[in-house]
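K.L.:
Could you build all of it, start to finish, from the sequences and the hints given here?
Now for the letters of each chain:
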Amino acid sequence: MLNITNIETFYGKIQALKGITLNVEQGKIVTLLGANGAGKTTTMKTIVGLLKPQNGKIEFLGENVTGLRPDQLLRKGIALVPEGRAILGSMTVIENLEMGAYHRKDNEIDKDVEKVMMHFPILKERKEQLGGTLSGGQQQMLAIARALLSRPKLLLLDEPSMGLAPLIVADIFKIIREIKDNGTTVLLVEQNARQALKIADYGYVMETGKIIIKGKASDLLKDPRVVEAYLGKK
Amino acid sequence: MMLVEIVNPYYLQVGSFILINIILGLSIYVTLSSGQLSLGNAGFMGIGAYTSALLTLNFDVPIIVGVIAGAVVAGLFGILVGIPSLRLQGVYLAIATLGFGEVIRVFFVNWESVTKGAVGISGIPHIGREIFMVLKDAGFDPAIIGLKNNQFVFLTVFFVLLLINILLVWFIFRQQNSRIGRAFAAIKMDEKAAESMGINITYYKVLAFVQGALISGFAGALFAHVMSYISPADFSYHRAVEILIFAVFGGSEVIVGAIFGATFLTLMPEMLRFISEYRYMIYGLILLLMMAFRPQGLIDVQVLHWFQKLRLPKRRAEHGSKNQKHL
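Line by line, the protein sequences are chains A and B.
For the first sequence, the residue numbers in my numbering are 4 to 237.
For the second sequence, the residue numbers in my numbering are 2 to 328.
In short, the hints are calculated from the structure, not lab data.
Misleading hints may appear alongside valid ones.
As the list claims (entries may be wrong) - Using 27 Å as the maximum straight-line C-alpha spacing, the simulated DSS-like pairs for lysine-lysine come out as follows:
| hint | chain 1 | residue 1 | chain 2 | residue 2 |
| --- | --- | --- | --- | --- |
| 1 | B | 193 | A | 127 |
| 2 | B | 193 | A | 55 |
| 3 | B | 193 | A | 156 |
| 4 | A | 55 | B | 189 |
| 5 | A | 60 | B | 189 |
| 6 | A | 225 | A | 213 |
| 7 | A | 130 | B | 189 |
| 8 | A | 213 | B | 193 |
| 9 | A | 183 | B | 193 |
| 10 | A | 118 | B | 193 |
| 11 | A | 127 | B | 189 |
| 12 | B | 193 | A | 16 |
| 13 | B | 193 | A | 21 |
| 14 | A | 118 | A | 156 |
| 15 | A | 79 | B | 189 |
| 16 | A | 108 | B | 189 |
| 17 | A | 79 | B | 193 |
| 18 | A | 108 | B | 310 |
| 19 | B | 310 | A | 130 |
| 20 | A | 127 | B | 310 |
Quick caveat, the model's predicted, so the values are computed rather than measured.
P.N.:
This is the structure we're talking about:
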């Protein structure tokens with residue numbers, strides 16, 4: 004579905020991505036792991052067009068989409084839930100959700116808002132509340148729900164568990180699995196390696212701008228290098 | 002009571018200034034609603050004023066063509082300034098646009114062969130008088146409705162401006178509740194989030210900036226044809242700050258804020274004329290108190306809600322049921 008070949012992205016003169024190649028298969032959850040500064044977020048930003056790669060190629064559904072703008076990519080079906088949630092604080096929950104459907108011109112938006120709120124009952128309860136008054140976990144759910152309203156084929160999640168309590172994190176991971184079961188492919192960036200690998204089908208591990216390990220998620224969970232660096236002993 | 006007694010040219014003149022200032026307040030409101038602080042609106046106003054004045058004086062074009070040309074030229078400059086300014090945010094954008102305004106002013110001062118420099122341009126066709134002449138040629142005499150000639154002229158200006166104001170407020174209000182308005186609001190709150198929702202922020206930011214430039218150019222052109230005289234000093238740094246204060250004082254979050262700010266701040270120095278020299282001290286004091294106690298401006302969303310509840314208890318019920326469609 005998404006094929007990235009050898010992309011290199013720079014911040015000014017500093018090279019953040021040193022030739023990343025990765026594939027996301029349709030209907031799967033693929034996770035991208037790594038420590039701080041490994042280039043996970045940069046990879047995500049490059050995929051959605053927030054950053055332009057200097058070299059390399061990004062293909063989505065067989066089409067070359069390298070260098071397209073974020074709004075064009077969203078129209079093609081790639082949605083990003085940015086790191087740190089980025090909720091519109093002085094809009095209500097409903098308004099936030101409707102903004103997610105910004106680029107759509109069909110008349111099923113209201114229906115989709117309903118449907119999304121079924122998955123996130125807490126959002127339905129608080130639909131008239133301002134986005135900024137929600138708790139961290141609720142904001143994360145709102146951010147994910149908002150991205151779903153663009154009807155993405157591929158959903159990119161950048162550290163959805165960041166700064167959340169363990170119980171909430173479990174909820175979020177449950178939701179991610181539900182999203183996959185509903186037919187949306189997911190690319191998940193996480194520091195919470197164990198949880199991410201448990202729900203993922205395939206995994207990549209990044210270090211200083213390169214992919215150093217890749218494999219089936221179940222294999223990575225047992226891989227001694229991954230266990231030592233990211234999982235720790237049980 | 003006879004019309005001739007109640008129509009006072011002085012009040013109408015003040016009223017016309019208020020209406021022009023409202024347009025200026027709205028021009029900065031539109032740009033602010035996308036989260037950009039532009040202090041270049043005095044410069045755009047100057048471009049509009051000079052364009053229209055020079056066209057009507059040197060090429061005999063009708064005022065309406067001059068005014069539209071003035072707005073369009075200001076809008077084109079808006080694109081020129083707006084695109085490179087995309088890289089700037091907050092205070093830096095304010096400084097850059099303020100610089101632009103000064104460049105424009107200095108340009109008017111020094112291009113003497115065309116703009117007559119610091120002396121300014123006088124004898125610009127007056128909207129009211131032009132309309133009066135046309136009507137007079139058609140056989141109309143203001144005495145029929147019981148008015149003196151100059152009363153009729155000022156009354157015409159006032160109503161023309163009022164009509165323009167109503168149309169403009171209607172337009173901005175409609176836009177605010179449209180896709181464009183939503184995009185502006187999202188960009189203002191969080192550019193990153195807006196971008197990740199697929200809003201083309203480059204396009205909308207330039208659009209908001211150009212709209213602000215266009216509207217201030219429009220106001221400038223009207224100003225020229227109401228005053229009949231313009232000079233570079235009319236479009237100085239002082240004016241830029243004044244325009245900003247209209248929106249900030251009244252409340253920059255809502256349209257009513259800019260309208261109220263422009264009205265109140267234009268009216269107040271006139272009302273305080275009886276204490277002559279001291280009136281600007283009071284003006285300054287009020288601004289100072291505002292900054293201390295209501296930095297968001299006098300009118301904000303809460304104040305509007307409060308008014309709605311007070312005035313229209315029936316409408317509130319209707320409002321509630323409208324929201325329930327999401328249930």
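K.L.:
All hints are to be evaluated individually against the structure, with a verdict given for each.
P.N.:
Hints versus structure:
1. B:193 to A:127: Holds: residue 193 of chain B and residue 127 of chain A sit about 25 Å apart, inside 27 Å.
2. B:193 to A:55: Within the cut-off at roughly 16 Å; holds.
3. B:193 to A:156: Holds, at roughly 21 Å.
4. A:55 to B:189: holds, 24 Å
5. A:60 to B:189: violated, 33 Å
6. A:225 to A:213: Holds - the C-alpha atoms of residue 213 of chain A and residue 225 of chain A are around 21 Å apart, at most 27 Å.
7. A:130 to B:189: Holds, at roughly 22 Å.
8. A:213 to B:193: With Cα atoms ~26 Å apart, residue 213 of chain A and residue 193 of chain B stay inside 27 Å; holds.
9. A:183 to B:193: holds, 25 Å
10. A:118 to B:193: holds, 26 Å
11. A:127 to B:189: Given that 27 Å is the threshold and the Cα spacing comes to 26 Å, the pair holds.
12. B:193 to A:16: At roughly 23 Å apart (the allowed maximum being 27 Å), residue 16 of chain A and residue 193 of chain B satisfy the hint.
13. B:193 to A:21: Given that 27 Å is the threshold and the Cα spacing comes to 25 Å, the pair holds.
14. A:118 to A:156: holds, 17 Å
15. A:79 to B:189: Distance of about 25 Å is within 27 Å: holds.
16. A:108 to B:189: holds, 23 Å
17. A:79 to B:193: Distance of about 19 Å is within 27 Å: holds.
18. A:108 to B:310: violated, 34 Å
19. B:310 to A:130: OK: residue 310 of chain B and residue 130 of chain A at ~21 Å, within 27 Å.
20. A:127 to B:310: Answer holds: residue 127 of chain A to residue 310 of chain B is near 25 Å, not above 27 Å.
Hints 5 and 18 from the earlier list are contradicted by this structure; the remaining hints agree with it.
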